[in-house]
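A.B. asks: Spelled out from the first residue to the last, the chains are:
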Amino acid sequence: MIKDITQSEATEDGITDKQIDALIAKHQTDRNGVIDILEAIQASYGYLPPHALRIVAKKMNRSLVDIYGVATFYQAFSLRPKGKHRIVVCLGTACHVRGAPAIVEEFERQLGIKAGETTPDMKYTLETVNCLGACALGPIVVVDERYYSKVIPTQVRDIINNSHSGDRDTADSHQQQKTIGEAVPS
Amino acid sequence: MINLVINGLPVAVEEGSTILEAAKYLGFPIPTLCHLEGLSNYGACRLCVVEIGEGPKARLVSSCTYQVEEGLKVRTASARVVKARKMVLELLLASCPQSKVIQDLASAHDVRQQRFRQEHEDCILCGLCIRMCEEQMMAKAIGFRNRGENRSIGTPFDMKSEECRLCGGCMYVCPACQLRCTYMEPEKAICGGCANLSPPCLEKSSFEDMMCYMDPCVACEIRKD
Amino acid sequence: MVIPAGTCGQASGANDLIAAAEKEILLCGLDKNIRVRVTGCHGFCEMEPSVLIEPDNTFYPQVKPDDIPRLIKAVLDGKILEDLLLVSEEGKKYYHQNDLPFYQTQVRSILAAHEKIDPLSIANYIENDGYSAIAEVLENGAPEAILAEVKNSNLRGRGGAGFPTGKKWEMLANQSNGSGKYLICNADEGDPGAYMDRSVLEGNPHSIIEGMLLGAYATGATAGVIYVRKEYPLAIKHLELALTQAAEYGLLGDDILGKGFSFNLSLAKGAGAFVCGEETALIRSIEGKMGEPRQRPPFPITKGLYRKPTAINNVETWANIPIIIRQGAKKFTGVGTRNNSGTKIFSLVGKIKNTGLVEVPMGITLKEIIYGIGGGPSAKAKIKAVQTGGPSGGCIPTARFDLAIDYDSLVDAGSIMGSGGMIVMDEHTCMVDVAKYFMAFLKDESCGKCFTCRKGTQRMYELLEDISQGKGTLKHLELLKELAEVVKDTTMCGLGQTASNPVLSTLRYFRDEYLAHIEKQQCPAGVCKALITYSINENCTGCGMCVSVCSEEAISGLRKQRYKIDSDKCIKCGTCKGVCKFEAIEVS
Chain A
1 MIKDITQSEA
11 TEDGITDKQI
21 DALIAKHQTD
31 RNGVIDILEA
41 IQASYGYLPP
51 HALRIVAKKM
61 NRSLVDIYGV
71 ATFYQAFSLR
81 PKGKHRIVVC
91 LGTACHVRGA
101 PAIVEEFERQ
111 LGIKAGETTP
121 DMKYTLETVN
131 CLGACALGPI
141 VVVDERYYSK
151 VIPTQVRDII
161 NNSHSGDRDT
171 ADSHQQQKTI
181 GEAVPS
Chain B
187 MINLVINGLP
197 VAVEEGSTIL
207 EAAKYLGFPI
217 PTLCHLEGLS
227 NYGACRLCVV
237 EIGEGPKARL
247 VSSCTYQVEE
257 GLKVRTASAR
267 VVKARKMVLE
277 LLLASCPQSK
287 VIQDLASAHD
297 VRQQRFRQEH
307 EDCILCGLCI
317 RMCEEQMMAK
327 AIGFRNRGEN
337 RSIGTPFDMK
347 SEECRLCGGC
357 MYVCPACQLR
367 CTYMEPEKAI
377 CGGCANLSPP
387 CLEKSSFEDM
397 MCYMDPCVAC
407 EIRKD
Chain C
412 MVIPAGTCGQ
422 ASGANDLIAA
432 AEKEILLCGL
442 DKNIRVRVTG
452 CHGFCEMEPS
462 VLIEPDNTFY
472 PQVKPDDIPR
482 LIKAVLDGKI
492 LEDLLLVSEE
502 GKKYYHQNDL
512 PFYQTQVRSI
522 LAAHEKIDPL
532 SIANYIENDG
542 YSAIAEVLEN
552 GAPEAILAEV
562 KNSNLRGRGG
572 AGFPTGKKWE
582 MLANQSNGSG
592 KYLICNADEG
602 DPGAYMDRSV
612 LEGNPHSIIE
622 GMLLGAYATG
632 ATAGVIYVRK
642 EYPLAIKHLE
652 LALTQAAEYG
662 LLGDDILGKG
672 FSFNLSLAKG
682 AGAFVCGEET
692 ALIRSIEGKM
702 GEPRQRPPFP
712 ITKGLYRKPT
722 AINNVETWAN
732 IPIIIRQGAK
742 KFTGVGTRNN
752 SGTKIFSLVG
762 KIKNTGLVEV
772 PMGITLKEII
782 YGIGGGPSAK
792 AKIKAVQTGG
802 PSGGCIPTAR
812 FDLAIDYDSL
822 VDAGSIMGSG
832 GMIVMDEHTC
842 MVDVAKYFMA
852 FLKDESCGKC
862 FTCRKGTQRM
872 YELLEDISQG
882 KGTLKHLELL
892 KELAEVVKDT
902 TMCGLGQTAS
912 NPVLSTLRYF
922 RDEYLAHIEK
932 QQCPAGVCKA
942 LITYSINENC
952 TGCGMCVSVC
962 SEEAISGLRK
972 QRYKIDSDKC
982 IKCGTCKGVC
992 KFEAIEVS
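Sequences listed follow chains A, B and C, in order. Take the first sequence: its position 5, counting from 1, is numbered 5 in our numbering, and each next residue is one higher. Plus 186 on top of the position in the second sequence (first one is 1) and you've got our numbering. Plus 411 on top of the position in the third sequence (first one is 1) and you've got our numbering.
Here chain A stands alone, though its shape is the one from the complex (with noise of 0.2 Å):
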């Protein structure tokens, strides 16, 4: 689809120039730090808005089209806003002969979305990722950075439920978490 750049684009999500130049200022080195700063970005709004490609791209003299080539090739960028909570199945190899895929289909099934999509609430994004490293727990679940280990379908709707109190900080690496994950039979 070919359409014209609209004006209302500039303030979209109340974002700033400011902002955005806060992060650039952050995260640039001297010598680039391009994926640090769209990094930034994609963790301060959840995703990629158009126009703070734009100013990397004018801060860092650097073309759009890198700069949108960059932010389309690395899976970690979205250039669409993401749920609330953040569902990842990792999908390594260890995890898919452990029964990773079932794990995914229920949370399709659940969710009623496809892996990669957001429900329509905005409240959950389904994603699949390639390897966790966690390869010896698997199949592993990630729900907004919350660990979950040896996952069985039938636990699936559980961990749903479950996102809702994971609404605190869990950035720390020595907090509590809380793990379903029982030894099972693989």
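Since the hints were made in silico from the structure, they are not lab data. Note that this is a predicted model, so its numbers are computed, not measured. The C-beta atom is built at its ideal place from N, Cα and C for all residues, glycine as well. Heads up, a few of these hints could be off.
Far from chain B by the CB rule (all over 10 Å, computed), these chain C residues [stated by the list, open to error]: (1) Leu495; (2) Gly502; (3) Glu581; (4) Thr633; (5) Leu645; (6) Lys670; (7) Gly702; (8) Gln706; (9) Thr748; (10) Lys854; (11) Thr902; (12) Asn948; (13) Cys954; (14) Gly955; (15) Arg970.
Just so you have them, the derived chain C footprint on chain A, three or more residues with Cβ under 8 Å [what the hints assert, rightly or not]: (16) 48-56; (17) 65-77; (18) 111-119; (19) 137-145.
Fit chains B and C to the known structure of chain A by using the hints.
C.D. replies: Leaving out everything else, chains B and C in the frame of chain A:
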């Protein structure tokens, strides 16, 4: 000067030359698709592969991107090269059968079968248009997006680019776009305004599937929506 | 009291243990008698969350937070809680970590440090001989000596290809130092099923920094970058902290330890692209571009990061450097085989009893790892194959388990070492499905530049999909093989050149499975959905478990009687089989 041997013939070429250039100098034909003189070499189509090295270390490399090395032994039409080239052409035919360039190449290389599920894509992602836009037209209006099977070429956000000057250079160099330039029946093309570009915009419905960065088309002024 | 809490430990609930232990110690005022050390992963992930009691190294597997108070009491009383110990199938109790069969044949020159070191504390690393190698080297000041030591150690790159590290460094050292040279630590561990690099970064980040310092001193490099994948948040956190601490201690930056040697080290994060493990793509990614590999030569050693000479080594390679310098090349070559010295960490995962990280001398056989350390299959089904080397590797059948593992033997067997993932597959793993899985992975992770890699992986996936749905013919097999060989031949980078390995190795060793799908329309492993049906056999007690979990209401029947599955409604999700305790659900 760098000395190398191509198909048994010794040749000395300037340092920094590619195998493709050296082979051309000797007159050995190597088919290419994503290579165009005046644009940088990219190595996307893999059609120009040649065999280098000997014994178990022999391998195929794309001649357009591989720079000559002292003492290099090159074979431009060994059995391994021919087999690979045929498969590349078969894959190209399977994806983009309407391209006259691809059809001609396939026929010249005696490719007589196409065993994959037939697709009709209008882009083989050779990147000629991107390089044309950037290197010759100094615009950088289009580029690659995404990766793997989702890779595509276009403007950022699929929006009309501020950098694009509607020069048509991208369409001019495209090896896959014969469909959009002449449609299925060239004589029915309504507008001969740009003989070079031969616009595809016969009908709006078919225009949807076309790869066109011009909006409106410089030739027939049909808008995409 | 040592509690491992890497990402895997945390996923199994180590944080609950730590909180419980700290609370208990605080409540009872025992902080002078007992100390909790939170460390990185020790390797035996299957038994996590685990607790190790020093100095005796008493090992308690799968500890629950409720057990912590009495565990602490027992420690103070010098007793052992017999009921919490690991018990073998024969009823043998294992008291000490070293008694465990899992650890017995391992040679843990890298991983053992994870038990001793709190990754958040540089002081702790220094107490354990950390940074002693670089301090000594700076004192004696002979870069050539380090280079010689690394060369003599015969260390080969642990990232997969096995290029001799000493040779690489020598090439870098020989580059003129006009405007700087770079060192890169490749921590973009993208191979699914491999996580040894994550474990080292999380558990002992300072060892990487020390390794790179030694490398910089030996080669004359002025700056370095550690490229870590974003999927490892804990590793990034620990590394960031380690870099700050090292700078504070004067171990990074200008005039290190006052010896006039300077080295700046920074962190670059990947953003989720497997192909960025390829060195030229990695460099582009650090430069803030799309991760698209380029033609080599020129190799990064002459034209690398910002077009400056650059040496790239993987995490495990860097972790080996301080060890080599500290103990000497002679001792290092004493482990392993002649051309493959030292140890290698493998992540042993999949359908195996003892999953985890194992560090073994090179040249050990697959059998010793899988049946010895790994303890054999996790379930009743027999082990069929092991997949090594990630998506670039291949599947090796049990018939070849006598293979002594090193870089060269694995290539001969149609696989590669890769970063060291070992995914064990049993009779319930379908090899067509495995090949299909890897093609799905690669068609998404290919950068898309080379036509034959982008389209070739898609087409191989398509052919495998046909076969898995019973629509395949013998012509499919022929075309698959032909295509796989051409993809291998005609692509530019390592990803494309090895992309065919999963297909070619399964075709080579498991052709009969392909034929079963094609000729008999059967999936012997019971995986390919189009070819299987679920049914309930006479073992059914009518407990109703399966009925309650079936989302499609495909199971019907009366309580306490044998249930039935309506094959029209059944979506073959396998949930019922997972919950059935009586092995009453059959796949055919």
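A.B. asks: Against this structure, judge whether each hint is valid.
C.D. replies: Against the structure, the hints come out as follows:
1. Leu495: holds, 48 Å
2. Gly502: holds, 52 Å
3. Glu581: Holds: least Cβ distance 21 Å, greater than 10 Å.
4. Thr633: C/Thr633 clear of chain B: closest Cβ-Cβ about 28 Å, beyond 10 Å.
5. Leu645: Holds, because the least Cβ-Cβ distance between C/Leu645 and chain B comes to about 27 Å, which exceeds 10 Å.
6. Lys670: holds, 41 Å
7. Gly702: Incorrect as stated: the minimum Cβ-Cβ distance to chain B is 8 Å, not above 10 Å.
8. Gln706: violated, 4 Å
9. Thr748: Holds, since 22 Å exceeds 10 Å.
10. Lys854: violated, 5 Å
11. Thr902: Answer for C/Thr902: violated, closest chain B Cβ roughly 7 Å.
12. Asn948: The claim holds: C/Asn948 sits with its nearest Cβ about 39 Å from chain B, beyond 10 Å.
13. Cys954: Per Cβ check, C/Cys954 is outside 10 Å of chain B; nearest 45 Å; holds.
14. Gly955: Nearest chain B Cβ is 44 Å from C/Gly955, so the label holds.
15. Arg970: holds, 49 Å
16. 48-56: violated (count 0)
17. 65-77: This one holds; 8 residues, not fewer than the three required, reach chain C with a Cβ under 8 Å.
18. 111-119: violated (count 0)
19. 137-145: holds (count 4)
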